[in-house]
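Trainee: What follows is each chain in one-letter form.
Number of protein chains: 2
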Amino acid sequence: MARPKPISGFPEFLPAGRFVETMVLRTVTETFELHGFAPIETRAVEPLDQLARKGEIDKEIYVVRRLHAADGEPDELGLHFDLTVPFARYVLENAGHLAFPFRRYQVQKVWRGERPQEGRYREFTQADIDIVGQGNLASHHDVEIPLVALDVFEKLHRDMGLPPVSLRVNNRKLLEGFYRGLGIEETAPVLQRVDKYDKIGPAAVRDLLTDELGLTAEQAAKCVALAGISATDESFVDDVLGLGVEDELLSNGLEELSALVRVARRSVPDRVVADLKIARGLDYYTGTVYETLLVGSEKLGSVASGGRYDSLATDGKTTFPGVGYSFGITRILAPLIGKGLLAANRSVPSAVLVAVDNEDTREDAIAVAAAIRARGIAVEVAPKADKFGKQIRYAERRGIPFVWFGSDSVKDIRSGEQVTADPATWEPPAEDRAPGVMPG
Amino acid sequence: MARPKPISGFPEFLPAGRFVETMVLRTVTETFELHGFAPIETRAVEPLDQLARKGEIDKEIYVVRRLHAADGEPDELGLHFDLTVPFARYVLENAGHLAFPFRRYQVQKVWRGERPQEGRYREFTQADIDIVGQGNLASHHDVEIPLVALDVFEKLHRDMGLPPVSLRVNNRKLLEGFYRGLGIEETAPVLQRVDKYDKIGPAAVRDLLTDELGLTAEQAAKCVALAGISATDESFVDDVLGLGVEDELLSNGLEELSALVRVARRSVPDRVVADLKIARGLDYYTGTVYETLLVGSEKLGSVASGGRYDSLATDGKTTFPGVGYSFGITRILAPLIGKGLLAANRSVPSAVLVAVDNEDTREDAIAVAAAIRARGIAVEVAPKADKFGKQIRYAERRGIPFVWFGSDSVKDIRSGEQVTADPATWEPPAEDRAPGVMPG
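The listed protein sequences correspond, in order, to chains B and H. In terms of my numbering, the first sequence opens at residue 83 and continues consecutively. In terms of my numbering, the second sequence opens at residue 83 and continues consecutively.
Think of the hints as simulated: they come from the structure by calculation, not from any bench. These numbers come from a predicted model, not from an experiment. Heads up, a few of these hints could be off.
Any copy, or any two copies together, can satisfy a pair, since identical chains are not distinguished.
As the list claims (entries may be wrong) - Derived BS3-like pairs: lysine-lysine, alpha-carbon spacing no greater than 27 Å straight-line:
#1 191 / 87
#2 399 / 466
#3 381 / 281
#4 399 / 87
#5 381 / 191
Please build the complete structure, drawing on both the sequences and the hints.
Mentor: Written out as structure tokens, the structure is:
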């Protein structure tokens, strides 16, 4: 078999990269649990008719069928392209067994048959949290969800050297209420134009609003002024009120967004920004929306997004509203790991290599390894009886920090220091127990 | 949307079941790492021609294609049906970047388009470890691999109440050498008949060997006698030698198998059984083979199997031999979780519910929760301001052991004991920190 080539859009890592990914996933899932989210996992496939219900996405679905399916046997299953469609189905299927509000997290691969390009993948890992109510869900959960995201990203920044984030938040009620207060009936086309703010600038947006939508110059100017407002504290409320527009939905949106900014600011100052030009996703979400930029890699776009939706699912009688956040794990990690900017400082978990000087003593080496391992220290036994120097080089090549010789001697191969030790009690320094992250 | 129904062969769990699965997977992967195995993960798909190379399995492959693939666009990808084919490809693809012997673990879903039936799944999780050499791999690794399996299963038994295992081992060299020493040229047909030993009994096997294969009565009697040998210590060697057959390959196999039994016995007595009637898998494996029975659920068959193979992959110049063990995680857990024999003792990770007596104090409750959470204690804030009794019932329904009231009071809702405490220092008992396993 010739050397196989990677398949475009399906990223894979060497062990030192996969270590980083597993460390990140551990931080992510542990933090989700600390905030009371319970784990679920859904099957990779859903009925094709369920996946295809959202028109815009149906080109990207991967259909799954048995290689030897009978002629004419219909395609019935497809790989999920997100974790929301499966979660909606799971909630309906198990509603009788779940306690609402139901807080779940889910970390799984998803698949999209897109043409692969920089930053786009055909297979990638998402980590989702959602809080879903039965019939209704209080608005304070919109404040709770970004606190979880902040907790996750602060830990990844502090402990693993990932870039810090800027969490941008907005609220659809605020924007819609504002537009209505200005006398604009059709708000969706306004949102679509405002969405171009970053790309084409405020003046061009104003022109689109007057020329394409027939807004008055004053209406257009106020829409653009609103989009220009941003703040890391509640001061944005006065800026909005200063524009002199009054509307009940607007007030409601302002209240929700200011509560979010106030509480998030208590948790981590200046990471959360009320950014009133955010419009993307506002046709799906019905209230608060979240986007997340990596500081210094803003051009990657939002690496984690979410918001409030009125109906995750409905069985005809009961509707399940919710609020959630979806973390693009592969989107965040694959560029950093792929470019070598993020890697583990060793390619194996082992903190210790137990040397073997001749094959007759291998069983003693296995016993030494077991004694060390019993205290949760990762250890492997040298695969070959060999000289001192070769054992050291074996460890070096893999980044294993310690080599154990005989029954009672351990050497730190970085410093060269060798000490007498008992395999039943010896401890490596805490930072050497498991692989750490090596900044690129 | 009407209430959806499960899809046969694609098991899913409620949170209390998924907790058990995540606990098991954590034990499994941590133990793999303690033994020096590095994590990798491969894409879900492989080129169809690679998957279809093993003739017998090609009916079970799921083909993956884009929903809107052009007419005549060929099927090129399929979902992997095990983790061995992807691993072989990964080793060839990355050989230049890996250090050999390469020790890896891999825990992923696999898919088989089989007709679903009791104990068979179309989607299931496997956990594989392998040690792979470049060109060659010493036989002592055959001893090492079952020690990892024992360590995993002993922890699952001790910490989570899974049934104990009986690890059955055999060696193809031992059997082949024995048959050759008896003057039998074609050994594969003998293995196939011996494989029926458990089902049809020794007398019927003997008849098959004479009637179908033309063995002499003495040859057949010795083959059956060999298959009848089993022991938890090295005594099986004398039993085999007592049959009076001599052959170099037989000696080699006896040596390998007795080393395995001797070392495994040092680790955990009586769990590993040399069982010379094991023949399944011997046409794939070339030396040691492993099977694993759950004591009390032997009819499930082997829940974890593996062995030594001469060629995982080859690039034409270099061959990569290896030895591995594959754990059928879903096969072990799905029946136990599905029947309620194994569940977590709560349906949420939270150890504490912070009560909210009126909505004006919610932000204080969030601050209390953050202070408790900072020490790694899972906590959630009550979703609704409510009376004392309702908050308790909310916690009870989810199995949350503690409810926090105001800024300085915590109640164990099981005992009813309420104490004054500081959210910055209070600790729950260690066993209440995370969900535990509740025996069914």
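Trainee: Run through the hints listed earlier and report the numbers of any the structure violates, in increasing order.
Mentor: none
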